[in-house]
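Enquirer: Going line by line, the protein sequences match chains A and B.
Following our numbering from start to finish, the first sequence increments by one per residue and tops out at 220.
Following our numbering from start to finish, the second sequence increments by one per residue and tops out at 207.
Be aware that a few hints might be false.
[Said to hold, decoys possible] In silico lysine-lysine, BS3-like type, Cα no more than 30 Å apart, as pairs: (1) B:LYS138 <-> B:LYS118; (2) B:LYS100 <-> B:LYS22; (3) A:LYS153 <-> B:LYS118; (4) B:LYS72 <-> B:LYS100; (5) B:LYS118 <-> A:LYS157; (6) A:LYS153 <-> B:LYS180; (7) B:LYS118 <-> B:LYS100; (8) B:LYS22 <-> A:LYS10; (9) B:LYS100 <-> B:LYS138; (10) B:LYS14 <-> A:LYS10; (11) B:LYS14 <-> A:LYS157; (12) B:LYS138 <-> A:LYS153.
[As the list claims (entries may be wrong)] Among the chain A residues that face chain B by a calculated CB cut under 8 Å, a handful are: (13) LYS11; (14) SER15; (15) ARG77; (16) GLY78; (17) LEU81; (18) SER87; (19) LEU117; (20) LEU121; (21) ASN125.
Think of the hints as simulated: they come from the structure by calculation, not from any bench.
We put the beta carbon where it would ideally sit given N, CA and C, even for glycine.
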Amino acid sequence: MLKQALSICKKDFSSEIRTRYAVNALLMFIIVVISVIKFSLGEEKLSPEMNAGMLWIIIFFSASNGLSRVFVAEEERGTSLVLKLSSEARSVFLGKLIFNTILTFVINFFIVIFYILITDLDIRNFPLFSLIMTLGNLGLSSVMTIIAALISKASSKGTLYPVLSFPLLLPLMLAAISGTWLSIEGVPFGQVAGEVQMMASYTIVVVTASFLLFDLVWND
Amino acid sequence: MSEITLEAVNLTKKFDRKMIFKSVNFRLSRGSSTAITGRNGSGKSTLIKIIANLLLQTSGSINLHINGSAVKKELLFMQMGFVSPYLNLYDEFSGYENLKLVANIRGRGHDNIENVLKRVGLFERRNDMLKIYSSGMKQRLKIAFSILHTPDILLLDEPTSNLDTEGIGVVDDIAAEYSKDRILVIATNDEHEKSLCSSEINLNKNA
C-alpha cells in the first residue's frame, strides 16, 4: 500500500511541477494577503494573541485555496478512473494525504517566514512554536484531504470547501492559535501540553476516520 | 492456467428512482467474449462500470472467482483492463510517462510498456505530450493502458470510437486474443464491435 501511495504522491508532484496550478495560486495568495496586512498595520505592533490569530487565518485560507486540487483536478479532468483502475482506495488516500501534507509544510514555511519578516515577530519559544506548527499542519492537511475527496464530486466545489472544513477544523484551530500565542510569549512546554495533546489526538482521530470512510467516498 | 469465473446475480441499478436495468444475470468464464447491447440509456456503460467496480449496483451481486476463491472487491483492479470514452489519461505527461506512472502505481507492467505502445502503434510518438495527441491517439493509449498489466478480464466500452481503420484492426486483434483464453466484454451498439463477441447480453430485455 505504501509503495502505491508513494507512486501516486510522486505522480502528483510531477504533475504539479509541470502545471504549477496549486503552487502558483498559493504563492500569489500568500503574497497578496501578507502585503495587505503589512500595508494596513504600518508600524503598529500586534499583540502575541493577535499575531497567532492572524497567522492561522492566513494558513487556513491558503490551505482552502490549494489543497482541494488533489481530488478536484482528478474529477474535473476525468483521470480519477485511472487511479480507481490502478490502485486500492486506501493507497489513493494515503498518496494524496502525503502530497497535501508536504505541500502544507512547504507553503506554511513560506507563510511563517514572510510573516516574521514583515511584522518583526519575536518568537520567544521557537522549538515549541515549531512543534505547534508541525501538529497544526498535520491536522490541517488531514482534514483538508478528506474534505477535498468529499467535495470533488459536488458542483460548487470552491464554496463548499472552506464551508465544510471550517467547522471540522475549529477545535484544531483554537488549540493551534492558543499554542502559537503562548509559544510567541515564551511559556515553557508544560503550559501548552494540553494543546499539544489535543492537536496530536485530533490528527490521529481524523486520519483513522478518513481511512475508514474514504472507500465509501471514493467508490460511488 | 487458473480457472476464472465472473458471475452476476440479479444485478439491478437505479439512479434515484429511475430504474436503469433489473435482474441482470450472467456467468462468464475463460474463453468467453460477450457484447453488452441495448438502446441509448439502457445502461450498457453503467453495467460495464459496475463490472469494473467503478460504480455500485443498487442490488444483486457481482463476483469474480479465481480457482474457486472469491477475489476481494478492492483488488479487482489487478484483474481487469478497462477502456471507455469517459476515461482520460494525464495530459501533462507523455504517452510513455502515462503508462510508466500507471505501472508504478499498480506495481505491474513495467516490462510491457514498450510492447503495448508498439502494439497500438504509438511507439514512435511515445515521448509526445498527451495534450497534443489526437482523439484517435488518445483512444489507442487507453487501449494500451487497459492491457498493460495483461489482465484476465478486458472490459471495453465503445472501443473503436475515434479510431481509424488501422486502429480498429488493433482492437480486433486484441479482442481476438482476449476472447481466446481470457474474458472479453464489450459494451456497444456498433455491428462490427458486436461481431467480435460470441454471446450477447441485451439490456433492452432487462429494463
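Enquirer: If a hint holds in the structure, say so; if it does not, say that too.
Expert: Cross-check of the supplied hints:
With a CA separation close to 14 Å, the supplied pair LYS138 of chain B and LYS118 of chain B stays within the 30 Å bound. For the suggested pair LYS100 of chain B and LYS22 of chain B, the alpha carbons sit about 39 Å apart, so the restraint of at most 30 Å is broken. Of the pairs offered as hints, the one joining LYS153 of chain A and LYS118 of chain B is violated, with about 36 Å between alpha carbons and a cut-off of 30 Å exceeded. Distance restraint check for LYS72 of chain B and LYS100 of chain B: the Cα-Cα separation of roughly 25 Å lies within the 30 Å cut-off, and the hinted pair is therefore satisfied.
Of the pairs offered as hints, the one joining LYS118 of chain B and LYS157 of chain A is violated, with about 40 Å between alpha carbons and a cut-off of 30 Å exceeded. Straight-line distance between C-alpha atoms of LYS153 of chain A and LYS180 of chain B comes to about 39 Å, which puts the hinted pair past the 30 Å bound. At most 30 Å may separate the alpha-carbon atoms for a hinted pair to count; LYS118 of chain B and LYS100 of chain B meet this at roughly 15 Å. Taken as a hint, the LYS22 of chain B and LYS10 of chain A pair is broken in the structure, with Cα atoms around 42 Å apart against an allowance of 30 Å.
In summary, the hint linking LYS100 of chain B to LYS138 of chain B is supported, as the alpha carbons are separated by about 16 Å, within the 30 Å threshold. Between LYS14 of chain B and LYS10 of chain A the alpha-carbon distance is near 38 Å, which puts this suggested pair outside the 30 Å criterion. Only pairs whose Cα atoms come within 30 Å are accepted, and LYS14 of chain B paired with LYS157 of chain A is accepted, the gap being roughly 26 Å. With a C-alpha separation of about 24 Å, the suggested pairing of LYS138 of chain B with LYS153 of chain A holds against the 30 Å cut-off.
The restraint placing LYS11 of chain A at the interface with chain B holds, with a minimum CB-CB distance near 5 Å, inside the 8 Å limit. Contact between SER15 of chain A and chain B, as hinted, is supported at the beta carbon level, the nearest pair being about 6 Å apart and thus within 8 Å. Because the closest C-beta pair between ARG77 of chain A and chain B is about 6 Å apart, less than 8 Å, the hint holds. Using the Cβ-Cβ criterion of 8 Å, the hint placing GLY78 of chain A at the interface with chain B is satisfied: the shortest such distance is roughly 4 Å.
A hinted interface residue such as LEU81 of chain A counts as satisfied when its beta carbon comes closer than 8 Å to some beta carbon of chain B; here the least separation is about 5 Å, so the hint holds. Here the hint on SER87 of chain A is kept, as its CB sits about 5 Å from the closest CB of chain B, short of 8 Å. Among the interface hints, the one on LEU117 of chain A is violated; its C-beta lies about 34 Å from the nearest C-beta in chain B, farther than the 8 Å criterion. Proximity of LEU121 of chain A to chain B is violated relative to the hint, the smallest CB-CB distance being about 38 Å (cut-off 8 Å).
Residue-level restraint check for ASN125 of chain A is violated (minimum Cβ-Cβ distance to chain B is 43 Å; threshold 8 Å).
The structure shown violates the earlier hints numbered 2, 3, 5, 6, 8, 10, 19, 20 and 21.
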